[in-house]
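One letter stands for each residue in the lines below.
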Amino acid sequence: MNTITDAVVIGGGIAGLQVALDLADQGFDVVIVEKEPSIGGKMISLSKVFPTLDCSSCICTPRMAAAAHHERITIMTCSEVQAVQRVGEHFSVTIRTRPRYVIESACIGCRKCEYACPVLVPHEFEGNLGARRAIYVPFTNAMPQVALLDVENCTFCGACARACPTDAIDYLQEPAITEMEAGAVVVASGYALTETQTADRYGGGKLANVLTGLQMERLLAPHGPYGRVLRPSDGRIPDTVAFVQCAGSRDHSLPEGQGVPWCSRVCCMYAIKQAMLLSGSLPLVDITIYYMDIRAFGKGFEQFYQNARAMGINFVKARVARITEGENANPVLRIERIEEDGRVEDQPHDMVVLTPGIVAGWDPSSVIPVQIGSDGFVLSEHASLAPCRTRVPGVFVAGTASGPKDIPDSIVEAGAAAMEAANHLRRTAYASRRRTEAEAGGR
Amino acid sequence: MTETKRRVGVYVCHCGGNISDVIDVQKVVDGVANIEDVVVARREMFMCSDPGQNLIAEDIAAHNLDRVVVAACSPSLHEATFRGTLKRSGLNPYLYEHVNIREQASWCHKDDPEGGTRKATRLVAAGIAKARNLVPLDPVRVPVTRAVAVVGGGIAGLRSAIDLAKSSFEVHVIERAADLGGHLARPGRVYPTDEPAQDLLTGLLAQARSLPGLTLHTETELVASTGYLGNFRLTLQGPSGEPRELTVGSIVLATGFEHYQPSLGELGFGMSDRVVTLPDFIERLDPRGPTGGQIVKDGKPVQRVVFIHCVGSRQLEGVHVPPEGGRLYEHCSRVCCTTALFASIELARKFPQVDIFDVYQDIRTYGRGQEDIYEAAARAGVTFFRVAGDAPPTVEIDASGAITVRLVDLLTFNEPIEMPVDLVVLVTGMIPRDITPLIEMFKLPRSPDGFLQEVHPKLRPVEVCVDGLFIAGACQAPMDVAEAAASASAASAKAACLLGGDVISLDPFVASIQAELCDGCGLCLAECVYVKALTRAEGETVPVVNTALCKGCGMCAAVCPHEAITVRGWEIKQYDAMVDAIVATGGHP
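Line by line, the protein sequences are chains A and B. Per my numbering, the first sequence runs over residues 1 to 443. Per my numbering, the second sequence runs over residues 1001 to 1589.
Read the hints as simulated data drawn from the structure, not as lab findings. The beta-carbon is built from N, C-alpha and C at its ideal position, and this holds for glycine as well. It is possible that part of the hints are untrue.
Covered, in the sense of this in silico footprint (three residues per stretch, anywhere, with C-beta under 8 Å from a C-beta of chain A), are these stretches of chain B [stated by the list, open to error]:
#	stretch
1	1077–1083
2	1185–1197
3	1404–1417
Pulled out of the complex, with its shape left as it was, chain A reads as follows (with noise of 0.2 Å):
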């Protein structure tokens, strides 16, 4: 592999494959650096999105196939950053890639292996209500289609190893270590969940009907768990759904991990969406959102909100206070209302939706100099005009490693990250001096 590139980007998600594609569309050569076994990030993972109601995939995937085929861009994927190092002008940064257990060049994403094997754990990237083998290509549209060995549950039966085609198991890969030259870095790393839904009052984790929202997009995407909204306890199609919102967001009674003092953002506006596709898949479903602030602000969001209301959509203005499980298992609500009387109630729902605060999903001061703030976001070098500079010189930062953001935003800010790492490379000629000398070596 060639180790000296323009700019490392770390992170697939949608920012950081948007990063990469509009730096090597102006001619710089880019690395991805991603964590998972596929690119995609989170974004793959969702049903519809707000506010177009187009499909996830639809927006995701192309990006994900344009980044794959482009002639600049290499991806690498269950890799991640170990160090970054400045030395003068440019950066070596240090990238740790870990076994997959078949060989990534040889896999075929047959998937031959994962019919043979017997075991069955539950899969991450359905929220944990469906299940995968111990060896699995991640998802459908998983980018690169190459099957991974889940070693913590591998029993070792050499069952894929007799079905694969074109013998791309081996048992023995070691991790590897690529030290990469680069003359910009990007910190694409994106967000993670806290853990609201452990939290005593909503439940302890221990209530089978109450999900997150990112559980609840994959019950709504059409290849999902289920196929279909149902309920985790008993299979029923609800009859009544609820969402919570911040739950775990605005508030400062929550611990570390479960709760942040933030708002997350996206979550009035994903909720409202679910909401609205739920709606649409079961025309019978009762349906409440308990919120305190409706924050539609983005283009076209506002519109989107008036229309769920005139959908019939139930907003009513709560605090939740504690979810336990009556009847049937259906989680009961404790609110308190802020609008009418004010009266304190006890409501059962079949099924409860909960919107985790959203916070960074790596700290990047672990391997970069960059400053953190108190939140754990990256901070920028100026919060107003320059939102995609980091206080490290060559080092930018694009969606939500700088705070929670929708979609559309961290696309825009991704591009806003590419124009400051391109000129960047520019001014430190990083890239022109680079492409001289390697042509000087070839002679």
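Since the structure of chain A is provided, determine the placement of chain B on it from the hints.
Coordinates of chain B only, in the frame set by chain A:
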């Protein structure tokens, strides 16, 4: 129709259920598999995904396919994707036909899966018929001028110009006002960095003026544009009065927004000098502002100030009345909640004796650090009242000039509130600026909210449907300073990608003329709507197509009595074949 044998591959996409939940995709495959020249017909969960594209590539290699048809979503989404697949597989990318069975079948026939399936089958059959008649085409290549015009010299325009000048493009900023900076030039501090807006501007301007290749044209308007992507010829009208010509490869529109101006009497506006808009109030808070930073009533500092949110935003039909000839603004203006709270904190800090009230529907402090501003405002003693969108507050001014605000507060369970106040701050929204001449010049589309419309909010957020034009900042939608800066840099990145090379490739779907069939009747010339796309020199019989200006609309082909002029990729014989196929694929739809 076709004499030559073709080898067509047909692929029907499930679109993850978007199509296959309604359409029986296997039936569609079976229905077209036996059509002449069809070598393979398959279905797949996501044709656009890598496995889907690889399937096509493998079939091209294994079965020697020379034409490909994919039945999937709208061609605007993925036609280019599959053309790319053909190109990578060594086929001319224009030997591809895209059939839309999502918008045109599954989505519009949800209630009739069988009829939808029959329709999809016919559409695919028609696509195959067209594919069999496709010929290889080469993209139109146009040379590029490495220069960009940025229309508007506010934050977005300046940011974009600086980015592009740093990328060593020649950049011209065209600002119609005498001063640069737009709204940023006014006194007042901005969140989240709590700096005077003018300081931000000073820094930007210094940078802009230091860059070689960046020219700032003030008191200048863009009055005319001809040409096309890569080569726009612009006419500028400057302060001297002499029009000036300029050739650029691309144009960034950064024309900004207007503040909503309440109509006379709307919440007391215009009835008292103590009913002001938020932008005016912020200016007064600034020591550099018109009142030297003092907020007074009868010469004494004010005691009670109320902020009323969503004035000119989130308007509802039947509740709000548009001004005569005007419109309702249904959109949320995004930045005003935080701006108002930020201003109320500053007010409380400077004048601790003031009682501050805040009348809102939803507090939308969505951005990073903004919830802190909301909490700080609450700590600073701001009293919040929540009203329903369909029950806005009223402002009454009596003969003595005393102001009373009335509302029903949802937070205290519908308590009617009546409060005398010294000053009313109307938290006015951001509305689209009237840029009718530009909209007409470039035939720009607008969103239902009146702002400029991007091609797609996620796939192409800073592009408009006119090739070579990009949008930056609040001409697209309300945004704050940081968001406008990011949007501007994103637009710069797209312009830099576009103009990076020496030539640009355009789709070859342009008119072409078979000279031997043309009798010079000239009907086509009268029909062509694009300036200089179709011309005829003095004394010549046959017109000439400018392939860079022709948009392939087909108006010329429609009127030609001899089928001498036709649009490449959309030829009449291709349509004939499609119609024949639709008729032949029996049964009622």
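Requested in this report: With a C-beta cutoff of 8 Å, work out whether three or more residues of the stretch 1077–1083 of chain B approach chain A closely enough for the coverage to hold.
Outcome: Three-residue rule met by the stretch 1077–1083 of chain B, so holds; n is 3.
Query raised in the report: Counting residues of the stretch 1185–1197 of chain B with a beta carbon closer than 8 Å to any beta carbon of chain A, are there 3 or more?
Result: holds (count 4)
Query raised in the report: How about the stretch 1404–1417 of chain B: do at least three of its residues have a C-beta closer than 8 Å to a C-beta of chain A?
Result: holds (count 4)
No hint from the list above goes unmet by this structure.
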